[in-house]
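Q: Let the sequences and hints guide you as you build the complete structure.
Each chain, letter by letter, is given below.
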Amino acid sequence: MAGIFTVCRKELSDHFGSKRYLILFALILLLSAVSAYQGAEYIKNNPRAGFLAIFSGARFGFSFVQLMVFFGPIVGLALGFDAINKERTSGTLSVLLSQPIFRDSVINGKFLAGAMALATLTVSTIGIMCGVVIPILGFGPTLEEALSIVLLSSLTILYLAFWLSLGVLFSVLTKKTSTSTLASVATWLFCSMMIPMLAMLIANQLVPFPIELRPGNQTQRNPQQLTPEFQALMEKRSVIQSSISKLSPTQLYSEVASSILGATLGGGGFSSAFRAPTLTESVTASWPNVVAIAVGLVVCFAASYMSFIRSEIRPGG
Amino acid sequence: MSQPMIQTQELTKVYGDITAVDHLNLTVNEGEIFGFLGPNGAGKTTTILLLLGLSTPTSGTAMVSGYDVVKNSKEVRKIAGNLPELAGYYEDLTAKQYLDYIGQLNDLPRTEREKRITDLLADVGLTKWKDTKVEKFSRGMKQRLGIAQVLIKNPKIVFFDEPTIGLDPEGTKELRDLIFRLNRDRGLTVFLSSHLLHEVQLTCSRVGIIRQGKLEETATVEDLTKGLTGKEVKSIEFKLKKVTPELLKELKGLEGVTSVTEENDRLYVYMTEDNTEGVSETITKHGAIILLMKPREYTLEEVFMKYYEGFKGR
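Residue numbers (my numbering), protein chains in the order written: chain A, 1 to 317; chain B, 1 to 314.
It is possible that some hints are incorrect.
Claimed, not checked - Think about it this way: if two alpha-carbon atoms lie no more than 20 Å apart in a straight line, the pair counts; the simulated SDA-like pairs of lysine to any residue are:
#: 1; chain 1: A; residue 1: K236; chain 2: A; residue 2: L198
#: 2; chain 1: B; residue 1: K239; chain 2: B; residue 2: E250
#: 3; chain 1: B; residue 1: K96; chain 2: A; residue 2: S13
#: 4; chain 1: B; residue 1: K78; chain 2: A; residue 2: F102
Bear in mind the hints are in silico, worked out from the structure with no lab data behind them. Just so you know, these numbers come straight off a predicted model, no measurement behind them.
A: Here's what the structure looks like:
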């Protein structure tokens, strides 16, 4: 066991001292602070909006949730993509493994350190956001809202840890850090851009708009056309689109986060009930999504664990 | 000497269709400096990885200090230090931090760790650079740090895999002196792999030659040299002034002399039986002046080359 904590402590201090981590941290912190400020403005202008709107309401740029949807993958992957293969290519792995530790201490310690670094990033970002907003608004979160913030933090850590484990998996499976970098960037682009685009495309193919409603025929659009048939059509499209999007963990996260924050997503540009669900309701509703992210994390970690334990140290790395 | 430090039995490692180590039977005794000699790709590094439990043997067994390398590999790594070929270092750490990390991985308590680090840094001459990041170190300094890393666990046996690669002659000599000192003062067993024959000849008490994963021969350096030169002709090296064709002709005609060759300013006389007297008599008779005369010794390199030439013929 001692091996895990030794490796973890060293990796953690590496993270905290690394430019890569500090740059990402600074970027997330800065953007979040700006979005928190915007959120505060939004709350001031919308008396109905609660404190939690600082995480979701942003008129310009990113809200915290959007920020995590977009940048989260790159933050998590960045802390993991070279965990093992960098040590392999630089020749430090054979020295490390020549010490009296079990091999799993290395990968466990590294994963733990990455998760702790991500937790630090998340908690301090959310903390600073609250710190920025409370003086502006002059009030803080209610107890239920505070609980939601804790849930949002845990969810964000879980989500980032998923990307970390995927990064670690790349670092175990590839020999060169350049390969795992590319794999990470490709995954990021695929999940945050390709899947939503595909979802839209497929939904469009399966349930096409009636001709008169196609873009370009905007003039014919008027409130009278929001017939029940049209609503049903939009509903159908939105279901198809969101189930395809769920292939991407970013979508899963975004749904759960929105549900925790009680904000409805602008999925098809319309929202039926504006009644904010209670916290218990939203947790129950988003349970499958959380499980899906957790399963993804476990699968990626288990795969990298098995692969690393079985891998041979060969002459020349 | 009750128990051998290393003992392998039919140790075999197969990577795909390459047999890196082939039924290796090797014994290294406690307190020995064992040279593991072989050309590149002969299986030296793989053998070390197997002995440290970093790689699993395909078949066969190996014991290090009485511990099975598969079942008790962690115990092996507690008493065995390893300096891999072209070892890597965490460039962002200082020398002291690096040693501290390795010390922690060996479960050394803080006070003990700090004491050993101070002592070792002094031993390898890095005290002045203890707070310098490793990235600023020269190749030689890194190698010395690597040796400190190996010794921090106070090992019973150390593995040095091609330790002199990239070191200058001075660094090489320092390393050799250090190995001698460790062997003498601490009774440390040293397992040194190298393709540098001269190196092994100077450093090691016993040599094992490995080729294509097979152990071809183990012997003391003298025995190995003697064994191979014994079958060879005796030869004398001369440096002469005024060499005439007549002299060469007569030398070739002498009893026991098989051939006479000239290389640069040297003359080599090869004989099946010792006829040094006749040779020197003939030379003086012809009026040539002997500037230098010595029996020709075989370096391990020549032994090695001859040894492999034998294989090529097979």
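Q: Which hint numbers does the structure go against, in order from smallest to largest?
A: none
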